[in-house]
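Protein chains: 6
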Amino acid sequence: MRASNRPADQLRPVRITRQFTRHAEGSVLVEFGETKVICTASVEEAVPSFLKGKGQGWVTAEYGMLPRSTHSRMRREAAQGKQSGRTQEIQRLIGRSLRAVVDLAKLGERQIVIDCDVIQADGGTRTASITGAFVALTDAINGLIADGKLTESPIREHIAAISVGVVGDTPVLDLDYPEDSACETDMNVVMTGSGHFVEIQGTAEGVPFSRAEMNALLDLAEKGIKELIALQKTALAG
Amino acid sequence: MRASNRPADQLRPVRITRQFTRHAEGSVLVEFGETKVICTASVEEAVPSFLKGKGQGWVTAEYGMLPRSTHSRMRREAAQGKQSGRTQEIQRLIGRSLRAVVDLAKLGERQIVIDCDVIQADGGTRTASITGAFVALTDAINGLIADGKLTESPIREHIAAISVGVVGDTPVLDLDYPEDSACETDMNVVMTGSGHFVEIQGTAEGVPFSRAEMNALLDLAEKGIKELIALQKTALAG
Amino acid sequence: MRASNRPADQLRPVRITRQFTRHAEGSVLVEFGETKVICTASVEEAVPSFLKGKGQGWVTAEYGMLPRSTHSRMRREAAQGKQSGRTQEIQRLIGRSLRAVVDLAKLGERQIVIDCDVIQADGGTRTASITGAFVALTDAINGLIADGKLTESPIREHIAAISVGVVGDTPVLDLDYPEDSACETDMNVVMTGSGHFVEIQGTAEGVPFSRAEMNALLDLAEKGIKELIALQKTALAG
Amino acid sequence: MRASNRPADQLRPVRITRQFTRHAEGSVLVEFGETKVICTASVEEAVPSFLKGKGQGWVTAEYGMLPRSTHSRMRREAAQGKQSGRTQEIQRLIGRSLRAVVDLAKLGERQIVIDCDVIQADGGTRTASITGAFVALTDAINGLIADGKLTESPIREHIAAISVGVVGDTPVLDLDYPEDSACETDMNVVMTGSGHFVEIQGTAEGVPFSRAEMNALLDLAEKGIKELIALQKTALAG
Amino acid sequence: MRASNRPADQLRPVRITRQFTRHAEGSVLVEFGETKVICTASVEEAVPSFLKGKGQGWVTAEYGMLPRSTHSRMRREAAQGKQSGRTQEIQRLIGRSLRAVVDLAKLGERQIVIDCDVIQADGGTRTASITGAFVALTDAINGLIADGKLTESPIREHIAAISVGVVGDTPVLDLDYPEDSACETDMNVVMTGSGHFVEIQGTAEGVPFSRAEMNALLDLAEKGIKELIALQKTALAG
Amino acid sequence: MRASNRPADQLRPVRITRQFTRHAEGSVLVEFGETKVICTASVEEAVPSFLKGKGQGWVTAEYGMLPRSTHSRMRREAAQGKQSGRTQEIQRLIGRSLRAVVDLAKLGERQIVIDCDVIQADGGTRTASITGAFVALTDAINGLIADGKLTESPIREHIAAISVGVVGDTPVLDLDYPEDSACETDMNVVMTGSGHFVEIQGTAEGVPFSRAEMNALLDLAEKGIKELIALQKTALAG
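Chains as they are written, first to last, in full-length UniProt numbering: chain A, 1 to 238; chain B, 1 to 238; chain C, 1 to 238; chain D, 1 to 238; chain E, 1 to 238; chain F, 1 to 238.
Extracted from the complex, chain A is given alone in its bound form (with noise of 0.2 Å):
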C-alpha cells in the first residue's frame, strides 16, 4: 500500500467537470486527487502566420500555474517576465500530443488555442491537463459541428495521459506530490483510445532503469489510460 492509501495500480480520484466557465467554446476542471486543472479551448478564426493560405487548421496550447497553487509560492511568470523552460516543455507536449489526433486538415483554417492553467497542484499536473484539454478541444470541436462550421469532427480518436514512477522499488500508477518528489525514475505517457503512443518521456530522477522496469511502467500506464478514457466518455456523454 502507497503512502496515499491505493494500490500500487490504483489511479486517484478523478473528476472532469465540464462547462466550468462561461466564455471559452470548451472549458474543463479536471481533478486528478488534489491536482486541479482549468483547462479551456478557445477557437479563432485564423491561423498562425506559418500556416496562411496551406488549408489546414492548427491546435496549440498554453500551460501556467496559478502562484500559490503549490506548497510554497512560486514567482508569477507574468512578473518575471519570461515562462520557464519547465513550463514551455509542458505546453508543447499538450500541445503536440492534441495534435496527434486531430486531422488539421479537417479542422480548417482556424486554431484552437488549449490554455490549462493549474490552480493546485499535487503532481501529475501535465498528464491531467492532457486528459482534461482532450475535453475541452471536443466541446469546441461539437460547437463548431453545431453551428455549421465543420460537417464532420477532425478528431480521429481519444487521448489521455498518466505518470508512473518507481518508488521505493515498487512501480506505481499516477504518483501524487509526494511520490513524485521521492520516485527514481518518473514517465510520462500518452496514449490513444486505439492503445498506441503518442508520447514516452521516462527519466531517471535518482537510480537508471531498467529495459525490466520500464516495461513494468509501460504497464502500468496503459491500465490508467484506459481507465481515464473511458471516464472521458462518460463525462462527454453527460
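Treat the hints loosely; a few may be bogus.
On the chain B side, residues computed to face chain C include the following (Cβ under 8 Å) [unchecked claim]:
id, residue
1, 50
2, 80
3, 82
4, 89
5, 142
6, 192
7, 193
8, 199
9, 200
10, 210
List time: in silico DMTMM-like cross-link candidates among lysine to aspartate or glutamate, alpha-carbon distance up to 20 Å [to be verified]:
id, chain 1, residue 1, chain 2, residue 2
11, D, 52, D, 103
12, A, 233, A, 169
13, F, 82, C, 77
14, B, 82, C, 77
15, D, 82, A, 77
16, F, 82, E, 89
17, B, 82, D, 103
Because the hints were derived from the structure by calculation, they are not lab data. Glycine is no exception: its CB is placed at the ideal position from the N, C-alpha and C atoms.
Based on these hints, arrange chains B, C, D, E and F on the given structure of chain A.
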C-alpha cells in the same frame, strides 16, 4: 430596472468561499455575479529589500487574468513577457488598499503576498479582488495568531471595494461587463468598515461628470460597501 | 501658512512656454514652481492598428523622467528594459484625459502622440503634464488647421489638472514634493473648462479620509483648475 | 538500405576530437556524420545559490546553434532576446543526463558548466551533444584530479545518447536530418555504460506507435549506445 | 561657405549653462547651435560590484534622446524595452572619454554617473554630450572638495569632443544634421587639454577616405577642441 | 621583440579556410594566431522592411562569442536575454565595413547576412571577423553569379581590418590578448584594397596618444592590411 434586472442600488449576488484551495495560508473564491476571482494570501518570513531591518512588515498584491476568463481570449501575459499597464495599475491598487488597514509594524518582519487571479470576468474584477483579498488576508493573519507568531491582529478594520457608474443617465451600483462597456462614468471606491475612503478613482469614459453625479455615485458606493463588509463578516464567522 | 510660504489655496507660480523645442508640432515647457516638464505633441498621419479604417483619430501619451530629475538619481527605464507601473499609470492618465476633450472623429485618421518628459521634479509632475500637454496639443491641432488638413478644431474645451491633499489636518492646493511626501491624502483632479470632472484619483496615503475632507479637496481643486485654464488661455493667446 | 546508404542499425561515422579549443577545462568536437557540435566543460569554483552551503556540486548545460548551422538561417537567439522552448528542453536534457552519472557530493562545492554549440546540423544534435559532453566533462574532472582538487573521480559510469525512429515502416538507428524530417516516430535514448536508461523521449510525429515498435527501437538504441561508449573510451584513452 | 553660412573651420555658437537643474551635483545645458543636451553628474557613495574593495572610484555615462528631439518622432527606448546599439555605443564612448582624464584612485570608492539627455537634436549630440559632461563632472567633483570628501581633484586635465567630416569634397568642422546626413566621411574626435587624443572614430559613410583627408580632418578637430576647452574654462570660471 | 616572439610589424600566422561548414552560401574559418572565427554568409531573397521597393540590396552582420571562447567563461547572451553593448558595436562595425565595398543597387533586392561567431578568442576578434567575412561574402556573391542571379559582382574592391596599438612605448601590429590587455592605445583600422580608410577607431585605454603615435600606428595598419588582402586573394584563388 437595469438590463440585469437589478434596481440601480443593488449588488449582484456575492459569494465568498473560504479555503478554496489548500496550500495557501488564506484562499478565497470571491464571486460578484459571474465575476469569479481566486484570492490567495501567502505568508513569507522575509520582507522586500527596501524594508530590511526596519522592524515592519509588508503587504503586496499581484493580479492576473486567465487568458480565457474573458469573452474573447486575451494573450497570456507570461507569454508576452510583460504585464500590461492595466494589470500593474490594478495590483498596485489592491496592495495599497490592503496596506491602508494593516498596522505594518505590528505585522513584524514578514510579507504577505496576495494573488488575485480572475478565472471568469464579467466586470468589477478589481473590486471583487479587494473584497475577497481582505478575507484571505484575515485568514492568513489568523493563522499567524493561531501559530503563536503574532499575539494580536495587525488588521485595524475591514476594507472592501465596489464600482459605481453612470449608465445612460442613471447612477448604478456594481456594474457588470455590459454596463461597464456602455457607461459614461466609471468609479471604483475603496472604503473601510468605519466608512472612510481609501481610494476613489473616477473616470469619465464618455461625457465628463458633474459634482452632483459624483455625490450620487458616492452614496451608492457607500451603501454597497456596507453590504459587502457585512458579507465579509458572515464569511469570516462561518 | 505652508512651509512653502503659500496659503492653503494658492498654486505655485505656473509658467507655460510655447515653442520650447523646434521639431515638434507642439512643444511646451510647463513649470509648476520647481517642477518642469517638456510636453511635445507629434502628429502622425496614421492610426494604431486597432483603429485602422474606422474613420477616427487617436491621442495617446508617453511619460518619462530624466534619471536625475529627482533628489536622488533614479534608474533609467530604458536601461532597465521596462517602464515602471507608476510610469504606465501616469501616461495612461494623460492620454485618457486629453481624449476626453477631443472629438476623435473630427481629428480624422491621424494620431497625435504627446510626450511628457520631466526634467526637474518637485511634486505634481502628472498634473503639470496634463496642463502643459493640452497646450502642446492645441498648438499641433492649430498647425493642422493652418496647413488645411483640418477645417475645424476637434478640441471641445480646455482641460487641466491639479493635485490637492490633506497635509497635517489642512486641505491644500498644488502639493510640492515635501508636502506630497508628508500628506495623509493625495488627490489628483482633472477638470474641463466647463467645470466637469474627467478624472478623480484620491488615495489615502496615511489615514483614510472622510466625505467632508473629500468635498473640501474638490473645492480647492476646482479653484486651482480655473486658474490654470486661465493661464493656458493667456499662453495660447500670446 | 537507407537513403544515406547505411543499414538500419548502423551509426553514422562518429568522431570525437579532444582539446578542440584551448581555454576550456574540457573541449571536444563531436561529429555524428555531418552533425558537428563543440562541447566545452568549464569549472567554476562556486555553486548556484540554491546549493550554497549544502556540500555538493552541480553540473549544468547550455545549448545553442550557430544561426547558419542549419539549411536556412535561423534567427540568433541572443538577438531575439530569448531562448526558444526547444533550446531550453535540450539543455535541460543534457544537464539532467550528465548529473545522472556524477556523484555531486564527491564533486565538492563547485560547478561544471557544459556548453554545447552546434556549428553544423544534420539531425541528432542533442544526442551528439550528450555523447561529446560526457568526454569534455571527463577531461575537466581529470584536470581537477591532476591539480589535486579532487582525489577520486565523481563520475560513476559512462553515458551516451542516440536517436532512433521509424522511417517508412522501418526502425532505424541515428537519424540524419532527412530521416528525422520524414519519420513517423522519433525517440531519443540516453543510456549508461551499464546498460540502464537515464532518459527515453519518444514522440509520434506522424502515426502513434505500438509497444512492438517501441521495443524494436530500444533494441537499436542499446546497440548504438554501446558503440558510442566504446568510441568515448577510445577517445579518452587517446 | 557652408549651407549654414559658416566657414569650413567654424564651430556653431556654443553655450554652456551650469546649474541648469537643481537636484544634480553637476547640471549643465550644453548647446552646439540647435543641438541641446542636458548633462547631469550624480555622485553615488558606492561603486559597481566589479570594483568593490579595490580602493578606486568609477565614472560612467548614460545617454538618451527625448522621443521628439528629432525631426520625426523616434520610439521611446523605455517603451521598446531596450536601448539601441547606437545609444549603447554613445554612452560607452562618453564614459570612456571622461575616465581618460580622471584619476580613479584619487576619486575614492564612489561613482559619478553622467546622464546626457538630448532635448533637441541637430547633429553632434555625442560630441556636445562629452563637452558638456566634462563641465558637469567638474562641478560635481568641486562639490566633493567643498564638502571635504576630497582634498584634491582627481581630474587631470580638460577633455572635449567635436565632429569633423568631408562634405562634398571639403573637410568641415562641427557638422549640423543636414551636413551629417550628406557627408562622405564622418569623424568624432575626443581630445584633452594638452592636445592628446583619447578617441578617434572615423567612418566612411560614402566614399572611403585617404590619409590626406584624415590629416585635414584632424587639423580641424584640433582647432575646434581648443576653442571648446576655452569655452569650458570660461563657463567654469563664471 | 614582443612576448609573442614577433617583431613589432609582424602579423600573427593567418589562415583562411573556405567552405568550413556546408549549409551557408559562404563559410570561412579565419584564424589570426589563436583567434578563430567562423564567418558565414547567408543569402536571403528579401530585404529589411526599411528598404522594400527601393531597388537595392543590403548587407548586415551579427557577431557572437561562444561562452567558453574566452579565458574564463562568459555568460551566454541568449540566456541573458540581450546582446551586450560591445557585441552590438562590433556587429554594426562589421556590417558598415562590408557595405562600404558593395554596390547595394547592383546586389538587387536581396540581403546577405554575415554571422561571425568566435570559437576561440585571443585578441582581434573584430578585425579577424571583417577579414574573414569579406571572403565569405565574396563566395556567396560568386554563388549568385554562378546561379545566374547576378551578372556582375557588386563588390567594388577588397576590404580587411587589423588592430594596432601602443604596448609599452612601442607601436605594434595585430595585438594578441595579453598585448591588448596591457596596451596604452588600441586602434582598429579597416581599409580597402586601394588603400583608403573605411573605419578608424582609436581609443586611449591608458595614456592619451599623440598625433605622431597615431601616424606610426596607421603606417603599421597599412602594412598589415596589405598583407591580409594578399592572403584573402590567395584564399579566393585556391
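Here is how each hint holds up against the structure:
1. 50: Check failed: Cβ of residue 50 (chain B) comes no nearer than 13 Å to chain C, outside 8 Å.
2. 80: violated, 12 Å
3. 82: holds, 7 Å
4. 89: holds, 5 Å
5. 142: violated, 23 Å
6. 192: holds, 5 Å
7. 193: violated, 10 Å
8. 199: holds, 6 Å
9. 200: holds, 4 Å
10. 210: Holds - the Cβ of residue 210 (chain B) comes within 8 Å of chain C, reaching about 6 Å at its closest.
11. D:52 to D:103: holds, 17 Å
12. A:233 to A:169: Between residue 233 (chain A) and residue 169 (chain A) the Cα gap is close to 34 Å, so the pair fails against 20 Å, i.e. violated.
13. F:82 to C:77: Answer holds: residue 82 (chain F) to residue 77 (chain C) is near 16 Å, not above 20 Å.
14. B:82 to C:77: Judged against 20 Å, a Cα distance of about 14 Å means the pair holds.
15. D:82 to A:77: Holds, at about 14 Å.
16. F:82 to E:89: holds, 15 Å
17. B:82 to D:103: Given pair residue 82 (chain B), residue 103 (chain D) is violated - Cα atoms ~39 Å apart, limit 20 Å.
When the structure is compared with the earlier hints, violations turn up for hints 1, 2, 5, 7, 12, 17 and for no others.
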